[in-house]
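Engineer: Construct all of the structure, not just a fragment, from the sequences and the given hints.
Here the protein sequences come in this chain order: W and P.
If you read the first sequence in this note's numbering, its first letter stands for residue 1, the second for the next number, and so on.
If you read the second sequence in this note's numbering, its first letter stands for residue 115, the second for the next number, and so on.
Calculated from the structure, these hints are not laboratory results.
Heads up, some of the hints might be wrong.
Over 10 Å on every C-beta distance to chain P, these chain W residues come out as not near it, computed from the model [what the hints assert, rightly or not]:
| no. | residue |
| --- | --- |
| 1 | ILE12 |
| 2 | GLY63 |
| 3 | SER67 |
Quick list of in silico lysine to aspartate or glutamate cross-link-like pairs, EDC-like style, CA-CA up to 20 Å [said to hold, decoys possible]:
| no. | chain 1 | residue 1 | chain 2 | residue 2 |
| --- | --- | --- | --- | --- |
| 4 | P | LYS115 | W | GLU59 |
| 5 | P | LYS212 | P | GLU119 |
| 6 | P | LYS171 | W | GLU102 |
| 7 | W | LYS9 | W | GLU102 |
| 8 | W | LYS44 | W | GLU59 |
| 9 | P | LYS185 | P | GLU168 |
| 10 | W | LYS9 | W | ASP56 |
| 11 | P | LYS220 | P | GLU168 |
| 12 | W | LYS44 | P | ASP153 |
| 13 | P | LYS220 | P | GLU119 |
| 14 | P | LYS115 | P | GLU168 |
| 15 | W | LYS57 | W | GLU79 |
| 16 | W | LYS14 | W | ASP73 |
| 17 | W | LYS44 | W | GLU79 |
| 18 | W | LYS9 | P | ASP153 |
| 19 | P | LYS131 | P | ASP198 |
| 20 | W | LYS57 | W | ASP73 |
| 21 | P | LYS171 | P | GLU129 |
| 22 | P | LYS212 | W | ASP56 |
| 23 | P | LYS212 | W | GLU102 |
| 24 | W | LYS44 | P | GLU119 |
| 25 | P | LYS220 | W | ASP38 |
| 26 | P | LYS212 | P | ASP198 |
| 27 | W | LYS44 | W | ASP26 |
| 28 | W | LYS14 | W | ASP38 |
| 29 | P | LYS220 | P | ASP198 |
| 30 | P | LYS212 | W | GLU59 |
For each residue, glycine too, the CB sits at the ideal point set by N, CA and C.
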Amino acid sequence: NAGVTQTPKFRILKIGQSMTLQCTQDMNHNYMYWYRQDPGMGLKLIYYSVGAGITDKGEVPNGYNVSRSTTEDFPLRLELAAPSQTSVYFCASTARQGMENEQFFGPGTRLTVL
Amino acid sequence: KNQVEQSPQSLIILEGKNCTLQCNYTVSPFSNLRWYKQDTGRGPVSLTIMTFSENTKSNGRYTATLDADTKQSSLHITASQLSDSASYICVVAGGYQKVTFGTGTKLQVIP
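Structural biologist: In structure tokens, the structure reads:
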């Protein structure tokens, strides 16, 4: 199993550009999550999904959108990138329902918005 | 407001030495507490999990303790190795989908 994979690893965007961060897991997990990790801060939940076709907002959803058309994929879309979205983004999944269970994280995408 | 505070922010120790990382939380209600290890440029990986009734849990050279009365946890690393250099994140769950991440302690083990 590859676990949770994310692409790209690094990306530089200009203000106002858009992009999609890809996340795929091959563990057949229903629950998937998107976090951002800012320097000196704990991970913050952006969006999560409890299964294909079902998504919900987390703590910091503004400026982002998600979709979940399959169990495996959970892409995160940034529209009109802003410098405040410069961060490291992690995708995660859990075998059982709920973030309180062991989360399996991807390697992260480091995004810089200039 | 639910908070998880970790100390120290960063720590440098010599290879072979022991160290202890601290985690204080104000999360309520309490479901479980988990320690994650995050290598540089990688995602976090779970080390241990403890529920309310557990006060010690070991995973190799890592030993976590929990005092639910004082809302404190510690992670003790024995006989440190260079590969222990990483950030250690304390994560406290307050129920279904209610999880608070600490800011982490960055540990550097030097030869």
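Engineer: Against each hint, give a clear statement of whether it holds in the structure.
Structural biologist: Do the hints match the structure? See the list:
1. ILE12: 17 Å, holds
2. GLY63: Given that every Cβ of chain P is farther than 10 Å from that of W/GLY63, nearest at about 20 Å, it holds.
3. SER67: Non-interface label on W/SER67 holds, nearest chain P Cβ at 20 Å vs cutoff 10 Å.
4. P/LYS115 <-> W/GLU59: Measuring from Cα to Cα gives roughly 13 Å; hence the hint holds.
5. P/LYS212 <-> P/GLU119: The given pair, whose Cα atoms are some 16 Å apart, holds under the 20 Å limit.
6. P/LYS171 <-> W/GLU102: 15 Å, holds
7. W/LYS9 <-> W/GLU102: 23 Å, violated
8. W/LYS44 <-> W/GLU59: 7 Å, holds
9. P/LYS185 <-> P/GLU168: 13 Å, holds
10. W/LYS9 <-> W/ASP56: 25 Å, violated
11. P/LYS220 <-> P/GLU168: At roughly 26 Å apart (the allowed maximum being 20 Å), P/GLU168 and P/LYS220 break the hint.
12. W/LYS44 <-> P/ASP153: 18 Å, holds
13. P/LYS220 <-> P/GLU119: 13 Å, holds
14. P/LYS115 <-> P/GLU168: 25 Å, violated
15. W/LYS57 <-> W/GLU79: Status holds; Cα separation ~16 Å.
16. W/LYS14 <-> W/ASP73: At roughly 26 Å apart (the allowed maximum being 20 Å), W/ASP73 and W/LYS14 break the hint.
17. W/LYS44 <-> W/GLU79: 19 Å, holds
18. W/LYS9 <-> P/ASP153: The hint holds at about 15 Å.
19. P/LYS131 <-> P/ASP198: Holds: P/LYS131 and P/ASP198 sit about 11 Å apart, inside 20 Å.
20. W/LYS57 <-> W/ASP73: The hint holds at about 17 Å.
21. P/LYS171 <-> P/GLU129: Outside the cut-off at roughly 23 Å; violated.
22. P/LYS212 <-> W/ASP56: Between P/LYS212 and W/ASP56 the Cα gap is close to 14 Å, so the pair holds against 20 Å.
23. P/LYS212 <-> W/GLU102: 13 Å, holds
24. W/LYS44 <-> P/GLU119: Between W/LYS44 and P/GLU119 the Cα gap is close to 15 Å, so the pair holds against 20 Å.
25. P/LYS220 <-> W/ASP38: Given pair P/LYS220, W/ASP38 holds - Cα atoms ~14 Å apart, limit 20 Å.
26. P/LYS212 <-> P/ASP198: Violated - the C-alpha atoms of P/ASP198 and P/LYS212 are around 29 Å apart, more than 20 Å.
27. W/LYS44 <-> W/ASP26: 24 Å, violated
28. W/LYS14 <-> W/ASP38: Given pair W/LYS14, W/ASP38 holds - Cα atoms ~19 Å apart, limit 20 Å.
29. P/LYS220 <-> P/ASP198: With a Cα-Cα distance of about 10 Å, the restraint between P/LYS220 and P/ASP198 holds, given a limit of 20 Å.
30. P/LYS212 <-> W/GLU59: 10 Å, holds
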